[in-house]
Amino acid sequence: MRITCPICGERDRREFYYKSAAVALERPDPEAGDGVWNDYLHLRENPAGVTRELWYHETGCSAWLVVTRNTVSHEILDAVLASEARA
Amino acid sequence: MRVEGKGLINRGHPVSFTFDGMRYEGYEGDTLASALLANDVRLVARSFKYHRPRGILTAGSEEPNALVTVGRGARQEPNVRATVQEIYHGLEARSQNRWPNLTWDALQVNDLAAPFFGAGFYYKTFMWPKAFWEKVYEPAIRRAAGLGALSGENNADSYEKAYAFCDLLVIGAGPTGLMAALVAGRAGADVILADEDASLGGRLLAETHEVDGMPGAEWVREVLEELGEMPNVRLMPRTTVTGAHDGGTFGALERVAHHTIGRAGTPLECFWRIVAKRSILAAGALERPVAFRNNDRPGIMTAGAVRAYLNRWGVSPGKMVTVFTNNDSGHRTARDLLDAGVHVAALIDSRHDAPDCAGVRVLKGAQVCDSGGRLGLESITIRSVSGEDKLQTDCLAMSGGWNPTVHMTCHMGGRPVWNQDLEAFVPAEGAIPGMRAAGACNGVFSTAGCLRAGAEAAAEALDALGVAGGAVELPAAEDDPYRIAPLWAVPGKGRAWLDFQNDVTVKDVKQAAVENFRSVEHMKRYTTQGMATDQGKNSNVAALAILADVTGRAIPETGTTTFRPPYVPVSIAAMGAGSQGKGFAPQRFTTSHKASVERGAPMIEAGLWYRPSYFPVSGETTWRQSCDREVNMVRESVGVCDVSTLGKIDIQGKDAAEFLDFVYTNTFSTLKVGRCRYGLMLREDGFVMDDGTTARLSETHYVMTTTTAAAGEVMRHLEFVHQGLRPDLDVNFISVTEQWAQFAVAGPKSRELLDELLDEPLSEGDWPFMACGAVEVAGVKGRLFRISFSGEHAYELAVPARYGDSLFRLLMARAEEKGGGPYGMEALNVLRIEKGFITHAEIHGRTTAFDVGLEKMVSGKKDCIGKTMSERPGLFGDDREQLVGLKPVGPVKQLAAGAHLFNEKEEAVRVNDQGYVTSVAFSPTLGHMLGMGFLKNGRARHGETIRMVDHLRGLETYCEVIDPVAFDPEGGRVRG
Amino acid sequence: MVELVAKSAGDGLLPVTIGKLSLTEEVPTALTSLMPFKGGAAALEAALGAGLPGPGESGAAAGGRVLWFGQNQYMLVGGAAEGLGDAAAVTDQSDAWVVVRLEGEGCEDVLARLVPLDLRPQVFAEGRTARTELMHMMSSVTRVGPQAFMIMVFRSMAATLVHDLKTAMQGVTARR
Ligand SMILES: [Zn+2]
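Protein chains in written order, with my numbering: chain A, 94 to 180; chain B, 1279 to 2254; chain C, 8 to 183.
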């Protein structure tokens, strides 16, 4: 598997560390309530298809990335910097 | 027997080797299989289940029968295919799965009992009694049915793994692959041409075809010469591409030294990961056997293999050969044998409209229905319209047609497509992104067709790569049509073999269908067809055809089997190359490592780091003696300990303080410059992640300390919080763990020691507990932190790592002058347990700030990572197991980490569990064992007696629940 | 009076020569990490007297060589680290890394056994640099000559680096 880091270019997946769904970027307000926090921390989609994930170019440039990936075909569709992925 | 004037072997270079202890001669260029056949050795193996005598079936890596063991001792290599193994001087090969020997194998009785051993036999028979499986049945079956054995010794060989990159990977160097590489190479593309054979050329080496007006092998030589001179082309012989994976990555196994006796430093195998922008699969095709009664006798081989042995190795596998075919390619075998002067007894073609073949009797519309002979083929029975006839023959060359080698195109979920004209599966288009199947593996069986397909595939790849390619003239070659009439199994009684290696017969497949295992996947698992090391290369399609027939379905309806990587067996050692022994992970050594080892300190692993357990001195015979002494030393004078392994992260920027306030539960923006503060870090789910002290060096500059174990995790976390959650903050951080060698100097005499070493003595009042600042040692700029993990008056002194060794030796010497010395991990652990300081034994991922008694450190004035969730119900309160200290009070004085806690009068069973022990030590300071652990509502239960039970060690101890801080609870010593 | 003796990161491990390949330790006068603060890149460039290299690039600066070293990070190898101002987080890393030079025919083949990087000259020409994984270690690899690479890993892993490089050098040499 190869991931194209927006900084380093195409690299072997062993340089990357996987964290979680990209949902982790949408940290709720501290007062948002139990339901919202529960969703944020624990409830995940498990799609057969396109999914957005957080990967860390740990032994590369140290950038956190949002990688868009198809879980069925394993195709990597996109990778952008997490710092720029948030609206 | 050798045939004069034939073959590409080097007859000027004889090579001697042994097989089952007998010495034989072959030639350079021989495989073990060709050399054995040249020496008229036909019996080479016993089958897996029935121990039937078996010979060589094929001439390639698909060989199911001729598996041998090569070498001996630690270098013994089982299950080597004789058809792949090249011979070399001194090669020792042995047959396997037989006892006492190959010609008289005691377990051939299995064959007589065969009626009981059919499909599903194991499943049905060994079900009862259940307990018998592990003790009786499995060991017995394992002994009876098996392949070769490992030596049981450590693997003495070295293995490599490597990466390669190219524009175009060409898999297979037959006419298709060579032509593709030539076209792409001439255009300037970066090409890798990989082939599993030692000699590139594929079938051109095994046939008598002419290419471009010259013998095929000659054309191959010329092409290879041209390719070899191209700097942009890499030829990889003996390299089997084993799998197609995501992102244009391919696995490939290179057999580097299997063809030599071995040379120091030469790896045996290299496992390649090849990344290619485009790929061409030119893997060729594999010939199918025909199933008929007793078709597994040594001497019965595929017709293409007979041609290969004749044309490439100058060997005729028999003196009187018969050919049995259902397609035109079998006729070539007869022609080539006749041309070489080998007697061909008959050509049996199952097709009524079969062509004639000059010089041999062609029996049209006939079939071979049985074979005879003891340990090798002596006769066959031919059935034709005129009845059954017996024919003397010592070699039967059979062809049931050809299967394109579609395997690689299935590795990413692709399903091959049935082609009615070829009676075979061909690759589905686009099954592997960027890959094009071409030539025989795509159902093109003529030489001219393959050359054309190779050139076209290369042109297409060049186009996709954006490389301009010139026109290439295609060399002239045979363009014969491929005509076939299906013949999967010859009808009749008896056992007709499909999967030679796993002893699966036509009857077994039919039986599976009768028992309603109609899905090909079920049939396969029920019969074990296709589950041997050849992975069904020789039998899958025929088994499928028979299953289709008995279930009344067409082949494409019945399905396909799923080909998965690897294409050939790959040793674990090759895939894990570099990871044997200590190679599994990097070793991290502190600057004091050498000095510690010189002192006789046993080193223990802490993550990747190596740290000293204790420093024995003369007279000490147990670790406890050393440890107790070291603890006392720190409490009474001064000890020195390398703490460089703790993570140190340099944090700078105008928003550094705000950032720290967000990642720590407590506040760091209020920390004064020149001071340290203990910090607690939570995960976002509210559980403790890590702890450590952070020092403020300037308004905008902090140095954070993490635990040794969590240094990497914390760095990743900080980067995530910054980049993912707070990219607005202007802060940068970098690990400085490796920049500094840092030593704890702990004990009442620590200050006295430092004053001797530092260029300027520490001025009174400037260095209270938790102070930090710059110091100089012998002119070297260092950092000093007055922090303590022992509860004593202590410092940590850091210097650039280049001075670490020197400073450690100096500190040890000076400490010893004061009655102190170095201390190791054991003493460090005791010191912190006496003080109730937590480590990852306590903050193990399931404990909260509340549990460890630090909930007051979660500031109410600000948000931080984990704060919201730490406040959710269930994460605090009386029901939580809370950190306590434990002290033995009954007759048993022993404590054990991992033990569980129970109320005094309650049974020690799960439902009564009150908590568990995390850390224990003998405290020389207090004179008894001490424990730390978590107990339900523990903080309210100090003074209670509780029962500690270690079910594993059979230990039961009554303990008093005490405050975790067992020694100097007022903390007077640390401030003194 | 006390005295502290300096030891290099590769002390006692190098040099190593196997066949046509040599592995030697380089001891730069200093290694300085430069991480510009927000909006600080221009000021840092002015202080360095050179432009900051793009991802995967390196160049001369401040009397040394400056390597791109990761997202918003540069490593000044040698050169003067003083006076770089406060536009960047400047961190001394002189003792944090072991720096080795792998040189000789086949050095690309040696590295191909250790890093998952495309090192072909047309992709990774002289002056190109990469942060990558070398046998599970965070590393920095820079091509410093047609047949020469500078390789850096954390100081504590110097022995593992030398061991892995030696093994690969032996493997490559044995095949010749
Ligand atoms: Zn990157």
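Hints were generated in silico from the structure; no laboratory data involved. Possibly wrong hints are sitting among the right ones.
So the derived list for chain A, only partly shown, Cβ under 7 Å to chain C, looks like this [as the list claims (entries may be wrong)]:
1. Arg107
2. Glu108
3. Gly153
4. Ala156
Sample of chain C residues facing chain B (criterion: CB under 7 Å; computed from the structure) [what the hints assert, rightly or not]:
5. Ala13
6. Thr31
7. Thr36
8. Phe44
9. Thr98
10. Gly178
Note that beta-carbon positions come from the ideal geometry of N, C-alpha and C, so glycine has one too.
To see whether the hints hold, each was checked on the structure:
Because the closest C-beta pair between A/Arg107 and chain C is about 6 Å apart, less than 7 Å, the hint holds. With 7 Å as the threshold, the beta carbon of A/Glu108 comes within range of chain C, its nearest partner Cβ sitting at about 5 Å, so the hint holds. Evaluation of the A/Gly153 hint against chain C yields a held restraint, the C-beta minimum of about 5 Å falling below 7 Å. Using the Cβ-Cβ criterion of 7 Å, the hint placing A/Ala156 at the interface with chain C is satisfied: the shortest such distance is roughly 4 Å.
Interface hint at C/Ala13: satisfied, since its Cβ lies 4 Å from the closest Cβ of chain B, which is below the 7 Å cut-off. With 7 Å as the threshold, the beta carbon of C/Thr31 stays out of range of chain B, its nearest partner Cβ sitting at about 18 Å, so the hint is violated. With 7 Å as the threshold, the beta carbon of C/Thr36 stays out of range of chain B, its nearest partner Cβ sitting at about 12 Å, so the hint is violated. A least Cβ separation of about 5 Å between C/Phe44 and chain B falls short of the 7 Å threshold, and the interface hint therefore holds.
The interface hint given for C/Thr98 holds, since its Cβ lies 5 Å from the closest Cβ of chain B, which is under the 7 Å cut-off. With 7 Å as the threshold, the beta carbon of C/Gly178 comes within range of chain B, its nearest partner Cβ sitting at about 5 Å, so the hint holds.
Of the numbered hints listed earlier, those contradicted by the structure are 6 and 7.
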